[in-house]
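Novice: Residue numbers (our numbering), protein chains in the order written: chain A, 806 to 899; chain B, 33 to 478.
Bear in mind the hints are in silico, worked out from the structure with no lab data behind them. Computed from a prediction, not measured in an experiment: that's the story for all the values here. Built from N, CA and C at the ideal position, the CB exists for glycine as well. Check before you lean on any hint, since a few could be wrong.
Some chain B residues flagged as far from chain A (calculated, every beta-carbon gap over 12 Å) [to be verified]:
#, residue
1, Ala-92
2, Phe-110
3, Pro-146
4, Glu-182
5, Asp-281
6, Ala-288
7, Glu-357
8, Lys-429
9, Leu-437
Heads up, simulated DSBU-like pairs for lysine-lysine below, C-alpha to C-alpha not over 30 Å straight-line [as the list claims (entries may be wrong)]:
#, chain 1, residue 1, chain 2, residue 2
10, A, Lys-897, B, Lys-161
11, B, Lys-418, A, Lys-810
12, B, Lys-102, B, Lys-269
13, A, Lys-897, B, Lys-253
Which residues of chain B face chain A? A few of them, derived with a C-beta cut under 10 Å, are [as the list claims (entries may be wrong)]:
#, residue
14, Lys-154
15, Arg-155
16, Ala-158
17, Val-176
18, Asp-178
19, Phe-197
20, Pro-254
21, Gly-391
22, Ile-393
23, Val-471
24, Ile-472
25, Asp-473
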Amino acid sequence: MPKAKVTFEDIGQTVNVPAGIRVIEVSEKVGAGIIYGCREGDCGTCMMHVVEGWNNLTEPSVLEEKVLRENMASRHDRLACQAQVIGDCTVKPA
Amino acid sequence: MTMRPTGNMPETAPTQSGDAVEIADGVHWIGALDSALRSFDMILRTANGTTYNAYAVRGAHGVAVIDTVKAEFSGDFFRRLESIADYDEIRFIVLNHLEPDHTGALPELMRRAPNARLIISKRAPAMLKALLKPPGDDNFDYDVADTGDEISLGDRTLGFLHTPFLHWPDTQCSYLVEEQILFSGDVFGCHYCDDRLFNDRVGDFRFSFDYYYAHIMRPFKPHVLDALKLIEPLPLKLIAPTHGPILRDRPRRYVARYRELSTSGDCFEPGAEHRSLIVFYLSAYGSTARMAEAVCAGAESVPGVRVSLYDLEGGEIDPFVDLIEAADALAFGSPTVNGDAVKPVWDLLSSLAVVSLRGKIGAAFGSFGWSGEAVPMIEDRMRGLKMRVPVPGLRVKLIPTDDELAQARDFGSRLALAMTGGGHSPDARGGDAARGERVIDFADLK
Numbered sequence: 806m807p808k809a810k811v812t813f814e815d816i817g818q819t820v821n822v823p824a825g826i827r828v829i830e831v832s833e834k835v836g837a838g839i840i841y842g843c844r845e846g847d848c849g850t851c852m853m854h855v856v857e858g859w860n861n862l863t864e865p866s867v868l869e870e871k872v873l874r875e876n877m878a879s880r881h882d883r884l885a886c887q888a889q890v891i892g893d894c895t896v897k898p899a
Numbered sequence: 033m034t035m036r037p038t039g040n041m042p043e044t045a046p047t048q049s050g051d052a053v054e055i056a057d058g059v060h061w062i063g064a065l066d067s068a069l070r071s072f073d074m075i076l077r078t079a080n081g082t083t084y085n086a087y088a089v090r091g092a093h094g095v096a097v098i099d100t101v102k103a104e105f106s107g108d109f110f111r112r113l114e115s116i117a118d119y120d121e122i123r124f125i126v127l128n129h130l131e132p133d134h135t136g137a138l139p140e141l142m143r144r145a146p147n148a149r150l151i152i153s154k155r156a157p158a159m160l161k162a163l164l165k166p167p168g169d170d171n172f173d174y175d176v177a178d179t180g181d182e183i184s185l186g187d188r189t190l191g192f193l194h195t196p197f198l199h200w201p202d203t204q205c206s207y208l209v210e211e212q213i214l215f216s217g218d219v220f221g222c223h224y225c226d227d228r229l230f231n232d233r234v235g236d237f238r239f240s241f242d243y244y245y246a247h248i249m250r251p252f253k254p255h256v257l258d259a260l261k262l263i264e265p266l267p268l269k270l271i272a273p274t275h276g277p278i279l280r281d282r283p284r285r286y287v288a289r290y291r292e293l294s295t296s297g298d299c300f301e302p303g304a305e306h307r308s309l310i311v312f313y314l315s316a317y318g319s320t321a322r323m324a325e326a327v328c329a330g331a332e333s334v335p336g337v338r339v340s341l342y343d344l345e346g347g348e349i350d351p352f353v354d355l356i357e358a359a360d361a362l363a364f365g366s367p368t369v370n371g372d373a374v375k376p377v378w379d380l381l382s383s384l385a386v387v388s389l390r391g392k393i394g395a396a397f398g399s400f401g402w403s404g405e406a407v408p409m410i411e412d413r414m415r416g417l418k419m420r421v422p423v424p425g426l427r428v429k430l431i432p433t434d435d436e437l438a439q440a441r442d443f444g445s446r447l448a449l450a451m452t453g454g455g456h457s458p459d460a461r462g463g464d465a466a467r468g469e470r471v472i473d474f475a476d477l478k
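Put together the whole structure using the sequences plus the hints.
Specialist: Set out below in structure tokens:
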């Protein structure tokens with residue numbers, strides 16, 4: 806199975822993950838500071854900033870784009886409950 | 033109407049007329065008193081009720097209304113607002129927090145003041161739409177504010193501070209520059225109803241202030257500290273929160289109190305440089321107690337871990353919650369009684385909503401007679417509380433043998449290694465505690 810590395814900058818922790826996993830699944834287990842709410846891409850609580858490897862996450866869906874827009878997301882912000890890891894990346898709470 | 037001391041307060045309460053109450057030049061309180069309330073949001077006791085504070089600021093070019101009240105109190109709110117402003121003068125409606133106790137009168141206010149612009153925080157739009165449920169996005173208009181943004185009333189300027197998660201994602205504060213007034217939302221608020229309204233005139237509300245912090249702000253301490261970085265540099269003549277007394281006498285005392293409450297007292301403790309493991313247990317016949325002692329002995333064998341052992345029967349919930357807040361890991365030892373963990377375990381595990389548990393490590397162990405469900409049930413609960421459970425639970429049938437006690441010691445040492453980053457277990461602690469990047473496998477996080 807393809808692997809990737811996700812680094813959580815706020816706690817200085819890198820995790821080797823199977824490609825395709827959602828960031829939230831890793832962040833909650835490792836205890837990173839990304840806060841989450843509905844886990845369904847609706848509330849926007851789990852917004853995170855992608856420090857490196859923006860292109861190594863799956864493209865945001867139309868619905869995620871809408872929630873990001875409503876939450877005044879900055880460039881390279883994503884929802885941790887929606888973004889799936891397809892390559893190495895570094896993230897931190899937005 | 034509430035808690036008035038006898039004999040020494042000859043002045044008439046400023047709220048008595050039902051009109052707005054001036055709190056500074058051209059700034060009025062237009063809120064409502066709810067003295068009959070005894071329980072707020074099912075989690076807070078309110079011994080003399082609460083207030084829903086809303087404010088109006090008049091400038092040369094119109095009026096800004098800051099927050100509203102709970103729906104049932106809309107009549108009081110509109111009566112007070114009408115005593116100082118016409119609806120067509122209202123240019124802005126600022127919402128520092130969207131919870132229904134502050135937005136109950138919003139739909140009607142929007143109807144009566146159609147020219148007013150809604151100003152909300154940048155994290156609030158989705159919540160506002162969920163609150164108002166407009167038929168379509170096209171006919172719904174608002175402006176979002178971030179730290180540094182300002183709106184002008186001609187000769188007066190309202191600035192904004194983005195202070196999310198105090199205590200909802202949408203929360204913000206606003207600041208009237210010329211009068212040095214902070215409209216702080218729920219921050220610096222408390223559930224305390226006194227019609228004398230100002231902190232230098234009301235009764236002693238220190239308990240209510242701390243109690244409110246403990247239940248509303250405490251789970252969000254890092255966010256409180258972020259907000260204080262924005263608030264502390266501001267000149268402050270007055271703090272106008274959305275609940276409780278208006279803080280005009282030495283407002284900085286309340287800012288300092290928030291910093292004190294949000295800053296861990298760990299540094300005064302010997303052993304603060306260690307990782308802290310708290311082992312709680314209950315035991316009917318001494319078996320789970322002996323396991324607990326062995327778990328502690330195993331954990332203590334790992335350098336850098338400080339272990340505390342408590343029998344849940346001998347303590348009360350609140351101090352245990354304080355201990356848990358400061359701990360890095362918790363282990364619960366419970367026998368299984370009729371297929372369940374025992375009640376004191378659930379009592380404590382259902383009392384933790386007031387503290388942040390994210391990233392803490394959890395573990396469970398216990399002796400059982402028939403089936404031993406307690407251990408996995410406690411593990412599931414801890415996972416539900418966003419804790420990590422890196423070491424599989426340990427169960428022993430009835431009386432532990434020497435070999436089984438050795439397993440309990442090993443369980444304790446593996447737990448301690450998970451706390452210190454030893455073995456394959458990750459260091460889950462954030463902030464200053466985690467330095468340098470470590471690499472672990474996702475499979476080891478199970």
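Novice: Would the least Cβ to Cβ distance between Ala-92 of chain B and chain A come out above 12 Å?
Specialist: holds, 30 Å
Novice: Would the hint on Val-471 of chain B be counted as holding, given a Cβ-Cβ threshold of 10 Å to chain A?
Specialist: holds, 4 Å
Novice: For the hint on Ile-472 of chain B, just tell me whether its beta-carbon gets within less than 10 Å of chain A.
Specialist: Result: holds, 6 Å to nearest chain A Cβ.
Novice: Could you check if Phe-197 of chain B really has its C-beta closer than 10 Å to a C-beta on chain A?
Specialist: Constraint on Phe-197 of chain B satisfied, holds at 7 Å.
Novice: Close enough to count: is the Cβ of Lys-154 of chain B nearer than 10 Å to one in chain A?
Specialist: This interface hint holds because 4 Å falls under the 10 Å limit.
Novice: Taking 12 Å as the cut and beta carbons as the points, is Lys-429 of chain B off the interface with chain A?
Specialist: holds, 31 Å
Novice: When you look at the beta carbon of Pro-146 of chain B, is every beta carbon of chain A farther off than 12 Å?
Specialist: holds, 23 Å
Novice: Let's test the interface hint: is any C-beta of chain A closer than 10 Å to that of Asp-473 of chain B?
Specialist: holds, 5 Å
Novice: With a cut-off of 30 Å on the C-alpha distance, tell me whether Lys-102 of chain B and Lys-269 of chain B pass.
Specialist: holds, 27 Å
Novice: Can the hint on Ile-393 of chain B be confirmed by a CB-to-CB distance to chain A that is less than 10 Å?
Specialist: Holds: closest Cβ of chain A sits about 9 Å from Ile-393 of chain B, inside 10 Å.
Novice: May I ask you to test the interface hint for Val-176 of chain B with respect to chain A, counting a Cβ-Cβ separation under 10 Å as satisfied?
Specialist: holds, 6 Å
Novice: According to the definition I'm using, a residue is off the interface if its beta carbon is farther than 12 Å from all beta carbons of the partner; does Phe-110 of chain B meet that for chain A?
Specialist: Non-interface label on Phe-110 of chain B holds, nearest chain A Cβ at 30 Å vs cutoff 12 Å.
Hint compliance for this structure: no hint is broken.
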